[in-house]
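Enquirer: Each chain, letter by letter, is given below.
Number of protein chains: 4
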Amino acid sequence: MTLRAPLPAPFRGVVPPLVTPLTAEGEVDVASVSRLAEHLIGAGVHGLFMLGSSGETAYLTDAQRRTALEAAVDAAAGRVPVLAGVIETTTARVLERAQDAVKAGADALVATAPFYTRTHPAEIAGHFRRLRSGADLPLFAYDIPSAVHTKLGRDTILELATDGTLSGLKDSSGDEGSLRRLLAPLRAAAPTFSVFTGAELTVDGALLAGVDGVVPGLGNVDAHGYVRLYEAARAGDWDAARAEQDRLAALFSITDAGDPAVMGGSSSALGAFKAAVHLQGVIDCPATAAPQIPLGEAEFAYVRRHLVEAGLL
Amino acid sequence: MTLRAPLPAPFRGVVPPLVTPLTAEGEVDVASVSRLAEHLIGAGVHGLFMLGSSGETAYLTDAQRRTALEAAVDAAAGRVPVLAGVIETTTARVLERAQDAVKAGADALVATAPFYTRTHPAEIAGHFRRLRSGADLPLFAYDIPSAVHTKLGRDTILELATDGTLSGLKDSSGDEGSLRRLLAPLRAAAPTFSVFTGAELTVDGALLAGVDGVVPGLGNVDAHGYVRLYEAARAGDWDAARAEQDRLAALFSITDAGDPAVMGGSSSALGAFKAAVHLQGVIDCPATAAPQIPLGEAEFAYVRRHLVEAGLL
Amino acid sequence: MTLRAPLPAPFRGVVPPLVTPLTAEGEVDVASVSRLAEHLIGAGVHGLFMLGSSGETAYLTDAQRRTALEAAVDAAAGRVPVLAGVIETTTARVLERAQDAVKAGADALVATAPFYTRTHPAEIAGHFRRLRSGADLPLFAYDIPSAVHTKLGRDTILELATDGTLSGLKDSSGDEGSLRRLLAPLRAAAPTFSVFTGAELTVDGALLAGVDGVVPGLGNVDAHGYVRLYEAARAGDWDAARAEQDRLAALFSITDAGDPAVMGGSSSALGAFKAAVHLQGVIDCPATAAPQIPLGEAEFAYVRRHLVEAGLL
Amino acid sequence: MTLRAPLPAPFRGVVPPLVTPLTAEGEVDVASVSRLAEHLIGAGVHGLFMLGSSGETAYLTDAQRRTALEAAVDAAAGRVPVLAGVIETTTARVLERAQDAVKAGADALVATAPFYTRTHPAEIAGHFRRLRSGADLPLFAYDIPSAVHTKLGRDTILELATDGTLSGLKDSSGDEGSLRRLLAPLRAAAPTFSVFTGAELTVDGALLAGVDGVVPGLGNVDAHGYVRLYEAARAGDWDAARAEQDRLAALFSITDAGDPAVMGGSSSALGAFKAAVHLQGVIDCPATAAPQIPLGEAEFAYVRRHLVEAGLL
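Protein chains in written order, with this note's numbering: chain A, 1 to 313; chain B, 1 to 313; chain C, 1 to 313; chain D, 1 to 313.
A few of these clues could be false.
[As the list claims (entries may be wrong)] Pairs of lysine-lysine residues, derived as DSS-like cross-links and limited to a Cα-Cα distance of at most 30 Å, are as follows:
#, chain 1, residue 1, chain 2, residue 2
1, D, 151, B, 151
2, A, 103, D, 103
3, C, 151, B, 151
4, A, 151, B, 151
5, D, 151, C, 151
6, B, 103, C, 103
7, A, 151, C, 151
8, A, 151, D, 151
These are calculated hints, taken from the structure and not from any lab test.
All chains should be modelled from the sequences, with the hints used to inform the complete structure.
Expert: See below:
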C-alpha cells in the first residue's frame, strides 16, 4: 500500500468521479483505469472519486469494484487522494465495502443514505455514525436523492459535521437553495468540513457561494476545463469562471446523445462520457455495463461533433 | 386605466411577488396593498408581481384577485410595471383571468402549465399559444413544478421564446442546471426574452449565470437587500453580491417559523412573510387565507428576532 | 328548482362521472348532456356525478360548469341524485362553486383536498369543515392524489365521517389496501357514510370488501355493464361479478387509444370515452376541451373496434 | 442439496416472505429461521419466500443472506418450494446472488428491476433476459415501485411471460387496476405463469380477480389466517374469504406500532412482525437490523394487545 499523507481539511478542488472503463466482455480494464487516472491528474485535478454513480458502481460486482479502486490508487500513487464510493443499500453492507476500500488504500469513503428500504432521519444519522466508527477513514456523505430517493436534511448534515462523524458532503441533490442555507452554519460549526457540489452545470455559482470544490461527471471529458473554472473562481475572476462554465454547459449536451425513447438516462449520459473519453484516446473501449443500451454510430458521431466544437478533438 | 409605457425588453431587475394583505375577516385590504406596493417601489424594485404563489392566488376568489390587482396597478401608477399571475388549471380558465388582468391594467401575464389534469409538452405548448393569441399582453411562463407537478421542457421554452409566444420565463423549478443549459441558446434565438429566477437563495449565482432578474418572495420583507444584491451583480461586484445573498439566506430562516408537524409549508412561509411585513408596519394584519394555519405568538417572536438580527426592525 | 328527496344514507350504486359533451366550438352541448343523462338513467344507474375529472371540470369555465350541471339536474328531474364536483384550489373558491351547485339544484357536493399549494392534514380537515358549514348540501371527499398530489389520511376521513362533516368518500386513490383498513372502523363509527370507489377496474373486489358503489369513467360507455356488475355483487353472485368486470377491463383498453408520445393521458382517456359515446350515438360531437390533443381517425377506428368486440356497437 | 421436484406451474397458494430472525448481536439466528419455517409449513403454507423486503434483505450481508437461505432450504426439506430474493442494483450483481441461491438449493429466484440507477423498459427486459439465461432456476419478477422507484410495464411483463423468461410475478406495486388489465392477456399467452400479489390487505379481491396466490408479510404472524383465506377463495366461499381478510386487515394495525415521528416505516412494520413472531414464541429475539430503530416497551405492548384481540396469543 502506498504511504500517504492525511486528506487535507478542508479538502478542496476538482475531483472527477471516474467512469470505470470496461472491456467488450464487461470486465474492468485496468490499463484504461490507469490511463484515465493519469490523464486526469495530468490535467491538474485535486483528487479522484472512484465507484460513484458515474463510475457505474451500481453495475459492478464487489470484485470488479475492488479491481477498479486498486487500479486507481496504484495510478494515483499518492499524488492526489482517492475517494471511494461505498454504495450499498444499508449499514452492514456499506461496512463491507468500506473494508475493501481500506484494504485497497483509499483515502476517504463516500456513502449515501440507505436505499431500497424506507428510512428516517434518525436512522440515516445512525447509519453514518456506525459507518464512521466501523471504518477508519474520513467519511463523506453523498446526497443523491435521484438515486436513493431521500434528501439528506440540513439538520442531519450539520449535526454529523459538528460531531466529527462526517468530514464532508458531496451534494448531488440539485437543491442549491438548501445548500446555500447550510453553508454558513456549517462553516461556523465545522470549519474544516468539505463541501463538494455534484452539480456540474452551476459550479461558478456554487464556488461563489462558498463550496470547496466540484465532483463533475463531465470532468472525465474535460478536466482541464473544470480546473480552469476552479482556478478562475479561486482567483476571484468570475467573468472567466462564468465563460468556462458556459463552455462546459454546451459540452454537457453530449449526455443527450441517446434517444430517451429507446434507452435510459444512465445509458445516454454514461455512454456519452465513455464515448468521449474513448474518442480522446484515453480508454480502450467505450462499453457500458449491462443492461444499459449501448450508443450506436449516430450517437458516437453526435458526441464527436460536440468534442470538436469544444476543441477537445 | 393608467397610461403606461410598453414593458422593457428584456425586462430586468427585482420584481417581488407581493403577498396579498387580508383583513382579519379574510377580505383583501386595499390600503395595505397600496402601502406594500409603495414600500417596495420606494426600495427600488423594478416591477411588481401580483397574484403569484406568494400572493396566495390559489386561496383568493376571482373578485379578490381583481381587487388586489387593481390596487397594485393604482399604487404603481405607471412607475414600475405590474405583472399579473393568471393561475388556473387550464386554458379557458386562464383566459378569463387574463381578461380580468387586461381590464385591471396589468402590464404582463404570468401563466403556468396546466395542472390538476395530466398533460403533455405538446399540450403545454398549445396552451401558451392559445393564451398569447387570446390576450393582448406580453406573456411569461411560470415554471413551478412544486405546484403544478410538471417541469417545462427546455425545448418547449426555447420554441415558444423563438416564435414570440413567450416574452419571458419565471423559473421557480429550482433546477439551476437545466436553466444554465437553456440560457445560451435562448440568448441566441430570442435576445429580448427575459429570464427571472424565483430561487431567492441563489440569486448571486443566477445573475452570474446571466438571468435578467429575480422574483423573490423574501423581497416582500427585505426589498432593499435584493435591490442591493442586484445592483452589486450588475456592477460586477460579486463579493458584495455574495455577502448580500448570505445575509438574505440567513433571513430566509423566518420561513421555518411554523412547526411542520402542525401546519403546511405554505402556512409557515407565507405566514412568516406576512408577519414580517406586518411587524415592519407595512400591512395592517398578518392574516393568511383559510384553511392555512395561523402562526402563534411564539412564531411571531421567532420572526421578530430574525428581523432584528437582519437589521430590519 | 326540482323538488327532490334527501340523498339516501348510505347512498349506493353506480354513479358515472359524466363526460361533458362540447360543441366543435368548445361550448357545452346542453342537448347532448341531456341525452347522455337520459341514456345513463335508462341503463339503471343510481346517480349522476357531474363536473368530476372525467367531466373535464379542470377545463371548463365557471359559466360552462353551471350550464352543464343545470342541464344534468334538469334531465335527471329528481329520478336519481346529481352530485356536483366543486373542484378548486382552496376553500373560498370551492365555496363559490358550491353556491353555484346549490343554485343549480345539485343533491350533494364532491370536493378534493387543496391543490397547487402545499397543505397539511390539519389544513385539509379545516378545509372540509369550512365547506360543510358554508354550503347546505351533503359533502363527499374526493381522494385523487394523481390530480391533487395529496392522499387523504385514514385518520382525517374517519374523523370527518364521525363528526358528520363528510357524508361520503369517492376514493380514486388506487390505494385499495388503505381503503380496506378504513372500511371497518368507518362502518363502526359512521354507519350511514357512503364509500364509492373510482377504481373502475377492480369494482368486484371493492364491492366484496364492502364499498357502497362505484364512480366509473368507463360507465359513460357501458353503464349497463357496471349496473350488472353491481347487481351481481349485491346478489352475492361473485362469479358473474368477476366475469362482468373482466369484460369491462378489456373494454377499458380504449383509454390507450392515443399515443403517449404525442398526447397526455387525459387527451387519450377522455378522448376515447367521448369518441365511444359519440359512436354510440349518444352525444353529437366527440370534441375534448383545449389544450387537449384530439384523437385522429386511426384512434377512432381503434375505439370502434373495441366497442364492437364488447357488443356495444 | 435436497432432491426436489420441479416447481409446479402455475405455482399457487400462500407463500409468506419470511422475516430473517437475528440475534441481539445482529447475526442470523439459524435455529429461529428453522423454527419459523417449520411453524409456517405446519400452518399449511405452499412455499417460503426468503430474502425479500420483509426478510430485511437490504440489511443483510451476502454471507448472512446465504446463511438464512440455507437454513430455510434445510428446514423446508423439500416439503414446499423455497423462493429466493436476489435483490441487487443491477444484472451482474443479481447474477452473483443467483449463483448463491442455486448453491443453497433454492427452487426459484425473485428479482426486481434495476434500482439506484436510471433505467428504461428495454433495459429492464434485457436485465430479466440476462438473469434467466445466466441462472438455471425459474425466475419471478418482483414489481415493487416503493423500493425500486420503477413500475414494471404490462407490456414488459407480458412479453417476458410469453417468451418464457419469467415464470411468475410477485406484484407489490399496489396497482390493482393495472394488474387486472394484465391478467386476461397473460392467461391467454402464458397459461402456466404464476401471479402472486404482495398486497396482503386485498387478497380476497385479488383471488376473485384470478391471481394464483399471495406473498403476505403479515403471513409471518398469522399464516393460518392466510391459508384459510386462500382455501375459502379456492372453494368459492367469498363471504368466508372476506371475513378472514377483514380480520387480517385489523391485525395489520400492528405495523403502525412505531411512531412515524421517530422511526421509518420499515422499522415499524418489520419491527412489529418480528415482535409478534417473538411474542408467539417462534423466534428467539425480535431485533431488526441496523440502522433501523428498535421498538420499545410501549410498542411491544401495542403489538401484544392486537395479537390477543386476534386470538393469536
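Enquirer: What are the numbers of the hints that this structure violates, sorted from low to high?
Expert: none
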